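**Q** Sequences listed follow chains X and A, in order.
For the first sequence, the working numbering gives the first residue as 359, with consecutive numbering after it.
For the second sequence, the working numbering gives the first residue as 520, with consecutive numbering after it.
There could be a bad hint or two in this list.
What the hints assert, rightly or not - Computed list of lysine-lysine pairs in DSS-like fashion (alpha-carbon distance at most 30 Å, straight line):
#	chain 1	residue 1	chain 2	residue 2
1	A	K925	A	K844
2	X	K418	A	K927
3	A	K913	X	K418
4	X	K418	A	K919
5	X	K398	A	K934
6	X	K418	A	K714
7	X	K398	A	K949
8	X	K398	A	K646
9	A	K646	A	K586
10	A	K927	A	K844
11	A	K949	A	K927
12	X	K398	A	K844
13	A	K925	X	K398
14	A	K913	X	K398
Simulated from the structure, these hints should not be mistaken for laboratory data.
Every value quoted in this text rests on a predicted model; they were computed, and no experiment measured them.
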Amino acid sequence: MAIRQISVFLENRPGMLDAMTGVLAEAGIDIRALSLAETKDFGIVRMIVDDVYETTTVLKENGYVNSLTPVIAVLIPDEVGGLHTVLETLTIAQVNVEYMYASLAGKKEDKAYMIFRVGETERAENALRRAGFEIADQDMIELM
Amino acid sequence: MERYFQPEMECASREDMVALQNEKLKKQVQHVWENVPYYRAKMEEKGVTPDDIQSIDDLYKLPLISKKDLREAYPYGLMGAPLRDCVRIHSTSGTTGKRVVAFYTQNDIDLWEDCCARALVAAGATKDDVCQVSYGFGLFTGGAGLNGGSHKVGCLTIPMSSGNTDRQIMFIEDLQATILCATPSYAAYLGERFKELGMGPDDIPLKAGIFGAEAWSEEMRQDIQNTLGIKAYDIYGLTELSGPGVSFECSEQTGMHVNEDHFLPEIIDPDTEEVLPVGTEGELVFTSLDKEGFPLLRYRTRDICVLSRAKCSCGRTLIKMKKPKGRSDDMLIIRGVNVFPSQIEAVLINQGYQANYQILVDRVNNTDTLEVLVEMTPEMFTDNLGEINARQRKIVEGLKSMLGLKAKVTLVAPKTITRSEGKAVRVVDKRKI
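If we strip away everything but chain X, and leave its shape as in the complex, we get (with noise of 0.2 Å):
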C-alpha cells in the first residue's frame, strides 16, 4: 500500500523552511522523514508526517501550497547491502526511481525505512511483496 507524501512549495530564502515547520510544530504534527528538493529560487518539501488531514489543513490555513503524492515505504534489512537487494529488485521490475530518502521506524523501533517515489507504483509494491519486503502502509506510519 502507498502511503502519501506531502509535498510543499517553498521559496529558496532563509527562514521559509523555518516558518512552515513553526507552523507543524504548533499543530503538534510529528515529521517521520523529510527531504528537500531544491532550485536556486525555490523548493519542494517533502514529508511522511503522523497525520496527513491534519498537515494539509494547517498548510492550506497558512498559505502554503501543498499537493499529496503516492511513496513506497519498505523496510531496508540493517545489513551490508540492504538497500542494494532492494533496488536490485526494483531494477529487474523496471521501476523508475524518480527519488528517495530515508526514514526511521520510530521511537521504539530500531529500524529504517527507505521512502521511495517510482514512476511505476503498484509494479514496484507487487514486486517488492513478492521478494519478500516489509512494505509500511499509511496506518503503520501514523502509530510509528
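Given chain X's structure and the hints, the job is docking chain A onto it.
**A** Relative to chain X, chain A alone:
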C-alpha cells in the same frame, strides 16, 4: 432591451452632437481665455484667440497641454472658476511624480456623476440593484464618482471603500449586492477570496462589475467574469478630466463609449503632435467641454489607443475608444523595447496563473534586466521539480514571443506579492536613469 441613463445624449444623431460640441467648445475656449491666465499665455504664444475657434474643426489650432503643465501650474494655476464657486478637490495617486490636484464646482460634480450613472445603467444597473462601491474613497476619484453615479441611478449604494476583504465579502453576501465597482486587481482578489471560502460563481449574488482605474487585459476580464459569475465592464477616466466615466463600456464589450458631449476626444501622433484620423492608433487627447473648476483644453492623456465610429449594437452613437494599451506612464522601455504590464499579464493568465505578478526592472552593467515574479497556485503546483521548471520555462518563452525580450521568471509563494486595495503596484523600476 438596452437601457440608457441619458438617451438624448447617448443616442444623439451625429449632427446634433457636433452642433452641441461646436457651441460648447466656443463657450469653453472663451471661459478659459478669461479665467485661466496660464493657458491664455500658451494661446497667445501660439497666436490663437477665441475668435479662431469657431467649431470643433478648429480644435487643432489650440495648444496642447500635458502633465508637465499641470505640475508647473500646481496648485492653483489651472483653476478655472473662483475659489468661492469650487466645492471639492480630487487628486491623483502621484505614483509618477508630483500629485495633480483638480477642482470641482457643484455643477462639475453633478455632470461627472451623470457620466458614472451612464456607465452603471449600461452595465444593467437599476433602482432595484444593490451597488457596492469598493473603490477607495477620499482623494482618489474612484469611490466618489461611482458612489455619486450609483445614487443618481437610484441603486441602494454601499459606500464600502477598499480594504478589509472579509467585510467586503460579508456585505456582498448579506445585502445580496448585485453590482460591484472596484479596480480590476481588487475584483480579482475578491474572487480569489470567494474561492478560498468555497464559494463559486453560482453562490455569489453579483451580476455585473464596473472595473477601471488601471490597465487590465482581456484575459483578466475573462478570469474575473468566470470566478465571480458576472459580466465585467470596463470604465475609463482621469482625475484631470473628472474621474471615472470619461468613457464606459456597453453590453457589446468591444470598447468604451466616450461621453463626447462632455469630453471631446482626439488622437495625435505623440511625437509630431499632429492630429490623426479616427481609426489610427495614437495618443488620446481630451478637451473638457463643460468643466468649470478645472477646464483642460487638449490635455494629453499619454494613453495609447484607437477611436472608432463603427455602429454599436447597443444603440449608443457616442464614439468608442479601444481599451488603452496602457498609459504611456506605465510603459517601460527595456533594452529599447516598449513593454506594457498588460502584455505580461496576458501571457500569465493564458497559462493559468493568477493576475498576481510583479515586474522588477533593474540595470546591471548597463544592461536592463526584466524579472517577473509569479505566485505559485495550487493548480500549478506539482511534486515534480522538472515539471515546475518546464512550466517556468514556458512562461519565459511566452514572454519572449510576446515582448521579444528574455525575462527572468521567479516563482514565489502564494500571497507574497502585496495585494492592492487601490491600484496595484505592478512595476518596481530600480533603474537609476
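**Q** Which hints from the list above does the structure break, by number from lowest to highest?
**A** 4, 8, 9 and 12
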